[in-house]
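Colleague: Given chain A, put chain B in place with the hints provided.
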Amino acid sequence: MDLMPGPEQEAIRDAIRGLLADRLPSARVRQVMAMEIPADPELWRAAAELGWFGLHLPEQAGGAGYGAAEAMLLFVELGRALAPGPWLGTVLAARALAGDRGQRATLQRLLGGTLRAAVADDPTGVLGSNAHLDGTLEGVLDLGAADAVLVLGPQHTGWLRLADAGVSVRSVPGMDPTRRLGTLRLSGVGAQRLDADPGALRRLGTVLAAAEAVGVAERALEASVEYAKVRQQFGKPIGTFQAIKHRCADMATRTEVARASVTWAAVALDDHDPEVAEWAHAAKALATRAALENTHDNVQNHGGMGYTWESDAHLLLKRARALEHCFGSRTAHLDALAAPWRSPA
Amino acid sequence: MELRFSREEEAFREQARAWLEANVPRGPKPAPHDLPGRRAYDMAWQRTMFDAGWAGINWPREYGGRGASLMEQLVWYEEYARVGAPEVSTGFVGLKHAGPTLIACGNEQQKAEHLPRILRGDVVWCQGFSEPNAGSDLAALQTRAVIDGDELVVTGQKIWTSFGHIAELQELLVRTDPEAPKHKGITWVICPMGVPGMEVRPIKTLAGNADFCEVFYDGVRIPLTNVVGRLNDGWRVAMATLSFERGTAFMSEQVRLARRLDEVIALARRARGPAGKGRAIDDDEIARRLALAKAEVDAMRAMTYRTLSGTARTGMPGPEGSMIRLFFSELVQRIDQLTMEILGPAALEGFDLDGVPEAGWSERYLTGLSQTIGGGTKEIQRNIVGERVLGLPR
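Each protein sequence line maps, in turn, to chains A and B.
With the working numbering, letter number 303 in the first sequence gets 303, and the count goes up by one each step, no holes.
Take any residue in the second sequence, count from 1 to its spot, add 345: that is its number in the working numbering.
A couple of the hints might just be wrong.
Stated by the list, open to error - The calculated label-pair distances, taken between Cβ atoms and stated as ranges, are:
(1) A:Glu49 x B:Arg733: 37 to 43 Å
(2) B:Arg575 x A:Gly18: 43 to 49 Å
(3) A:Phe241 x B:Val540: 42 to 48 Å
(4) A:Ala27 x B:Arg733: 51 to 57 Å
(5) B:Arg709 x A:Ala243: 27 to 33 Å
(6) B:Val540 x A:Glu275: 52 to 58 Å
(7) B:Glu630 x A:Arg23: 55 to 61 Å
(8) A:Gly235 x B:Glu630: 42 to 48 Å
(9) A:Ala243 x B:Ser434: 35 to 41 Å
(10) B:Arg658 x A:Gly112: 33 to 39 Å
(11) B:Arg679 x A:Pro340: 19 to 25 Å
(12) B:Gly689 x A:Arg101: 57 to 63 Å
Stated by the list, open to error - Partner residues are not named here, just some residues of chain B that face chain A (Cβ under 8 Å, in silico):
(13) Arg349
(14) Ala376
(15) Ala640
(16) Gly655
(17) Phe672
(18) Arg727
(19) Val730
(20) Pro738
Stated by the list, open to error - Chain B is faced by these chain A residues, among others (derived, beta-carbon under 7 Å):
(21) Leu3
(22) Gly65
(23) Phe234
(24) Ser261
(25) Ala285
(26) Ser343
(27) Pro344
In short, the hints are calculated from the structure, not lab data.
Cβ atoms here follow ideal geometry from the backbone N, Cα and C, with glycine treated the same way.
Bound-form chain A, shown alone:
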């Protein structure tokens, strides 16, 4: 049993963090979020060269041979950096395509950074479940920055290009300027069926979204602690006041609770643990809570500055809000956890 990253995993994490700190400082995030297509093309190329999109895939599929645990580390870093763009969709699509022998060429384009995918999470089958997909799905994250869509239906996994006949996409400005929303409208689209279990992909997506939320929670904590050490009022740093200090302690505790849960869930995915579904629900509920509560506290800890557009506090908070609805809200995950207890006695 070992739930701490080993030296190799620490090296992976440090490399990712180093590149993001270098290429994607806050000023760059703000440039990218103002672009027509909010994804950083240079960073995307660099990420592809470093193999980030295939970190979790076997080497035969062109991946790095690691697993969900390493992908989890990647998404914590992406959350910390508030990275704009369809990272989650691309990584999930790579997983889905890697299991389908007929899709090797497309997979190579995803891994090579020349194709980006959004994910349409459709557990209730709004888009239908026939060979032809019909319907409208709102609130698809990063749709405008993607070239293709991975559809996770109730029972099937579909793959379509935005350029396919019958696919229309409307970009909708949303609360989070770094992750634009889109409405996906399909009329009689013959999406390709992938040989991939949508439930397993949804669980992976849930855990990676949770990891991203841990990164957001962690960044909010660090921002508050840095500020509390330097901001002076009444002749001393505000971090000496227990009202601030204790709030920071709670932010740290929440982050560690979430990190532990998400780490277990990711390792459970790799270990094919029979309780992995429960862990994924728990991880998402706790990580989103940590992200939301920490980002709110971070606005408060920054006082008037926290209320400005100039401060990053609002970007963190808005990302947390977006993640709450990515692969299910806290309420949905708690209901899923409670469902087995509520069956008739």
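Modeller: Leaving out everything else, chain B in the frame of chain A:
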């Protein structure tokens, strides 16, 4: 990273489980207020473990312990809690505090004299740290000890001394140098109980029990050979084992809490709903609060595992132990409060005229209120996290 234990660790688990299942006492437990009965029960069980070689699972072999690895300790405590083996209770200070302190800081004679007696269940220890004016600010303690020949003469008062009325020995902090800065003039000494000049008065708690006491010292004489570590070095001695305790104290607690939550969920499946109709579990709010508690109890296990993983790698528990402590104490109380709501008016029943509850939900709820006070209040825990983990200014 991996969840699986090694084959050797799994073999150890089988061995531990088999022994525990065959030997855990199944008879009735003594009532919470029956202190002599509890003492006899706890010490008999300790002796059973000692005779079979399971006592002092993490203590070095040379002092009669089992010398188990960190992962084996985890496995042992998990199995221990899973079969519902007795909580450490009256043995707590000896096994979890005084014993480890002696191992870390005692001389050979002190170790040889005391460690086997603790492991065999021959002796109950209590703690004399807190004072009426030295609680969270422990280093402000004022109980004086002056050297007279080859003895210390102690005058003062201690409080919150659990099991002081049934203990033979006490780990006692006294001020031996009133001129020194407050952390520097303290000495850690082994004090025999029931000696001339000492008076022990039980304190009744809000839960109706009298587990802890006040202890008064009026010229109590203690041989200087009972000093552990050096004179005036008692603060360091007292802190020597604290971080380790914080890091590993939760191996069994996380399993016990998970079992308890399972019982609360089962209760919610049979208790009537809050509006008097249906079952409690059919209420969305109760179901979600239970689900959140489930997620948090799972996370508690994951945090424990992570801390142990880090400790196994570095040899030292990290500061995140204080976060586990804070999280755990508040989580227990959230679960207890939710249990009270699920029980409804039935939570109010089962008390005698002295206010003493029967063993059960309400008793646990009331005793659980001490979780965020004893051993460092939750406010002190937050200071520790803020200052030592996050580096915020004092």
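Colleague: Hint by hint, say whether it matches the structure.
Modeller: Do the hints match the structure? See the list:
1. A hinted range of 37 to 43 Å for the beta carbons of A:Glu49 and B:Arg733 is consistent with their spacing of about 41 Å.
2. At roughly 47 Å, the beta-carbon separation of B:Arg575 and A:Gly18 lies within the given 43 to 49 Å, and the hint holds.
3. One distance hint, 42 to 48 Å for the beta-carbon pair A:Phe241 and B:Val540, holds here, with the actual separation near 46 Å.
4. A hinted range of 51 to 57 Å is violated for the C-beta pair A:Ala27 and B:Arg733, which are about 33 Å apart.
5. The beta-carbon spacing between B:Arg709 and A:Ala243, approximately 32 Å, falls within the hinted interval of 27 to 33 Å.
6. Checked against the given bound of 52 to 58 Å, the beta carbons of B:Val540 and A:Glu275, roughly 55 Å apart, stay inside it.
7. Checked against the given bound of 55 to 61 Å, the beta carbons of B:Glu630 and A:Arg23, roughly 46 Å apart, lie outside it.
8. For A:Gly235 paired with B:Glu630, a C-beta distance near 46 Å keeps the hint of 42 to 48 Å intact.
9. Remark: the range hint 35 to 41 Å for A:Ala243 to B:Ser434 is upheld by a beta-carbon distance near 38 Å.
10. The hinted window of 33 to 39 Å between B:Arg658 and A:Gly112 holds, with their beta carbons roughly 36 Å apart.
11. At roughly 21 Å, the beta-carbon separation of B:Arg679 and A:Pro340 lies within the given 19 to 25 Å, and the hint holds.
12. Separated by about 59 Å at the C-beta atoms, B:Gly689 and A:Arg101 satisfy the suggested range of 57 to 63 Å.
13. The restraint placing B:Arg349 at the interface with chain A holds, with a minimum CB-CB distance near 6 Å, inside the 8 Å limit.
14. A cut of 8 Å between beta carbons decides the hint on B:Ala376: the least distance to chain A is about 32 Å, and the hint is violated.
15. With a least beta-carbon distance of about 4 Å to chain A, the hint placing B:Ala640 at the interface is held under the 8 Å criterion.
16. Annotation: B:Gly655 was flagged as interfacial toward chain A, and the flag holds, the nearest CB pair being 5 Å apart, inside 8 Å.
17. Given the 8 Å rule on beta carbons, the hint for B:Phe672 holds: about 5 Å separates it from the nearest Cβ of chain A.
18. At its closest, the beta carbon of B:Arg727 sits 4 Å from a beta carbon of chain A; the interface hint therefore holds under the 8 Å criterion.
19. Contact between B:Val730 and chain A, as hinted, is supported at the beta carbon level, the nearest pair being about 4 Å apart and thus within 8 Å.
20. Because the beta carbon of B:Pro738 sits about 5 Å from the nearest beta carbon in chain A, less than 8 Å, this interface hint is met.
21. The interface hint given for A:Leu3 holds, since its Cβ lies 4 Å from the closest Cβ of chain B, which is under the 7 Å cut-off.
22. Given the 7 Å rule on beta carbons, the hint for A:Gly65 is violated: about 15 Å separates it from the nearest Cβ of chain B.
23. Interface restraint check: A:Phe234 against chain B, minimum CB-CB distance 13 Å, threshold 7 Å, status violated.
24. With a least beta-carbon distance of about 4 Å to chain B, the hint placing A:Ser261 at the interface is held under the 7 Å criterion.
25. For the restraint placing A:Ala285 at the interface with chain B, the shortest Cβ-Cβ distance is roughly 5 Å, inside the 7 Å limit, so the hint holds.
26. Contact between A:Ser343 and chain B, as hinted, is not supported at the beta carbon level, the nearest pair being about 9 Å apart and thus beyond 7 Å.
27. For A:Pro344, the interface hint is violated, the least distance from its beta-carbon to any beta-carbon of chain B being 9 Å, above 7 Å.
Of the hints listed earlier, those the structure fails to meet are numbers 4, 7, 14, 22, 23, 26 and 27, in rising order.
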